[in-house]
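Chains as they are written, first to last, in my numbering: chain S, 1 to 330; chain X, 331 to 529.
Treat the hints as calculated values from the structure; they're not laboratory data. As the structure is a prediction and not an experimental result, all values here were calculated from the model.
Cβ pair distances, simulated, as ranges:
{"hint": "1", "chain 1": "S", "residue 1": "A13", "chain 2": "X", "residue 2": "A427", "range": "35 to 43 angstroms"}
{"hint": "2", "chain 1": "S", "residue 1": "R225", "chain 2": "X", "residue 2": "G528", "range": "44 to 52 angstroms"}
{"hint": "3", "chain 1": "X", "residue 1": "T448", "chain 2": "S", "residue 2": "E210", "range": "37 to 45 angstroms"}
Over the 10 angstroms line for every Cβ pair with chain S, so calculated as not near, a few chain X residues:
{"hint": "4", "residue": "E335"}
{"hint": "5", "residue": "R339"}
{"hint": "6", "residue": "A436"}
{"hint": "7", "residue": "M447"}
{"hint": "8", "residue": "E482"}
In silico contact screen, one side only, chain X against chain S (beta carbon under 7 angstroms); selected entries:
{"hint": "9", "residue": "D364"}
{"hint": "10", "residue": "A365"}
{"hint": "11", "residue": "D366"}
{"hint": "12", "residue": "S369"}
{"hint": "13", "residue": "S403"}
{"hint": "14", "residue": "G407"}
{"hint": "15", "residue": "P411"}
{"hint": "16", "residue": "K495"}
{"hint": "17", "residue": "G496"}
{"hint": "18", "residue": "S499"}
Even for Gly, the Cβ is constructed at its ideal location relative to N, Cα and C.
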Amino acid sequence: MKMLINVPETVVADALRGLAAAHPELTVDVENRVIVRRDAPVAGQVGLVSGGGSGHEPLHGGFVGPGMLSAACPGEVFTSPVPDQMLRAAAAVDSGAGVLFIVKNYTGDVLNFDMAAELAEDEGIQVAKVLVNDDVAVTDSLYTAGRRGTGATLFVEKIAGAAAAEGMPLERVQAIARQVNESSRSFGIALSACSTPAKGSPTFDLPPGELELGIGIHGEPGRERRSMMTSGEIAEAAVEAVVEDLQPRNPVLVLVNGMGATPLLELYGFNAEVHRVLAQRGVPVARVLVGNYVTSLDMAGASLTLCQVDEELLRLYDAPVSTPGLRWGM
Amino acid sequence: MLDAEFFRRWMTATAASVDREAERLTALDSPIGDADHGSNLHRGFTAVVAALEKEPPGTPGGVLTLAGRQLISTVGGASGPLYGTLLRRTGKALGDAGEVSAEQLAEALRAGVDAVMTLGGAAPGDKTMIDALVPAVDALGESFTAARTAAEEGAVATTPLQARKGRASYLGERSIGHQDPGATSAALLIAGLTEAAGE
Numbered sequence: 001m002k003m004l005i006n007v008p009e010t011v012v013a014d015a016l017r018g019l020a021a022a023h024p025e026l027t028v029d030v031e032n033r034v035i036v037r038r039d040a041p042v043a044g045q046v047g048l049v050s051g052g053g054s055g056h057e058p059l060h061g062g063f064v065g066p067g068m069l070s071a072a073c074p075g076e077v078f079t080s081p082v083p084d085q086m087l088r089a090a091a092a093v094d095s096g097a098g099v100l101f102i103v104k105n106y107t108g109d110v111l112n113f114d115m116a117a118e119l120a121e122d123e124g125i126q127v128a129k130v131l132v133n134d135d136v137a138v139t140d141s142l143y144t145a146g147r148r149g150t151g152a153t154l155f156v157e158k159i160a161g162a163a164a165a166e167g168m169p170l171e172r173v174q175a176i177a178r179q180v181n182e183s184s185r186s187f188g189i190a191l192s193a194c195s196t197p198a199k200g201s202p203t204f205d206l207p208p209g210e211l212e213l214g215i216g217i218h219g220e221p222g223r224e225r226r227s228m229m230t231s232g233e234i235a236e237a238a239v240e241a242v243v244e245d246l247q248p249r250n251p252v253l254v255l256v257n258g259m260g261a262t263p264l265l266e267l268y269g270f271n272a273e274v275h276r277v278l279a280q281r282g283v284p285v286a287r288v289l290v291g292n293y294v295t296s297l298d299m300a301g302a303s304l305t306l307c308q309v310d311e312e313l314l315r316l317y318d319a320p321v322s323t324p325g326l327r328w329g330m
Numbered sequence: 331m332l333d334a335e336f337f338r339r340w341m342t343a344t345a346a347s348v349d350r351e352a353e354r355l356t357a358l359d360s361p362i363g364d365a366d367h368g369s370n371l372h373r374g375f376t377a378v379v380a381a382l383e384k385e386p387p388g389t390p391g392g393v394l395t396l397a398g399r400q401l402i403s404t405v406g407g408a409s410g411p412l413y414g415t416l417l418r419r420t421g422k423a424l425g426d427a428g429e430v431s432a433e434q435l436a437e438a439l440r441a442g443v444d445a446v447m448t449l450g451g452a453a454p455g456d457k458t459m460i461d462a463l464v465p466a467v468d469a470l471g472e473s474f475t476a477a478r479t480a481a482e483e484g485a486v487a488t489t490p491l492q493a494r495k496g497r498a499s500y501l502g503e504r505s506i507g508h509q510d511p512g513a514t515s516a517a518l519l520i521a522g523l524t525e526a527a528g529e
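Okay, chain S solo, but in the shape it has when bound:
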């Protein structure tokens, strides 16, 4: 497997140096692995801190900036960051209004953020948490570590970021973040496995004529393997899985997310099919985002996230945002 890297050990640090060179509006601490918006802490505003394994870019570092995250902590590839990083981030963004940790539901992320929250509170920083667990592919969550956090993370970070920018207090920002998570569901499809730099080869074996339904974002295989399907058939499977679980009554935000190696040509085509199926089911669409936002290294495939919105969530979603990965209205 050919990769545009130096050596596996420095992949994350090299990417952070590149992020810093491209975005002088961010403060990138390469050694301690913390990305902070340059004007932090912003007086009177709740700080938003997220993080997780690297390999999902632009999540999370690419979502740091006015209107979204205050700071992000990238871990090793697919490995949760450590509590020291989150503690540093929390200290850098806390203006006295408190800090919200946005945590994807994976055992490592949960444990490390929990430890960081304890340490931060010891230092007098008020911390609240929201757990993102939107993946409907995990059906028997009572017997697993629970539903995974995937595409909804973008909606949680965007909408909670807007709430924080408006100066809402910590409890309110947390409540809105929870509402976004509870209103969101996702489903992922892999056409190929991804290759981690450390391993250098695909993390699981997916033959040319087959696809995986219900995959996660860490190269873990899905729950079901099928013969290759058309974009329309995949859209039907994904929309059905999400809509059955979400039962939306309001308009939805749609995220058609590329896993890293699927061209926009295919993603837009898939988006057309998703819209066809949503229209058939009578689900109104409020806003649409198509692109690579929550990726899984070089995995081919896509995920679909729907988020049911009321007037307030939609207003916050539309609010201005300026980050490397998401930018509108300013």
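Knowing the structure of chain S, use the given hints to seat chain X on it.
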């Protein structure tokens, strides 16, 4: 009696075996996890050895709490907090004593394993590090070698199990037939005791 030097040898021996077995741990983590268990633990135990060399603690408890703190600060993922908590809580249970008996170590390690079960929410049979650690602690009263054998058997016995915790749990039945990488690394940690004791 076991002194701080014994505990330093334990950590150094574990670091050496993690170094030796890193590729195997990562290979075990590949079909049911995300193929980084070996490299993550290697990073952690390298930091543990460096920290112990830099400021060697004078007590068994001090060695283990320092090692645990290093793992929490460097490993990440689930193994960082879980292994870090195991060593930290074992170290805390040993207190300030300059030397401890094998029985005291067994008792303290049981407290450490209990803390890991509370933190991770895993029980025996969930296909995790617990499946190696619980039988090892039970056998520790007998001898280090008995504990090592029990841990290794416990790790092998995870193969037919279906994972209920951690990332492998998302595979459901497809996790069956693979030995758990966490139980395998836990067996390396316990094996380190026999090496430290020269058994």
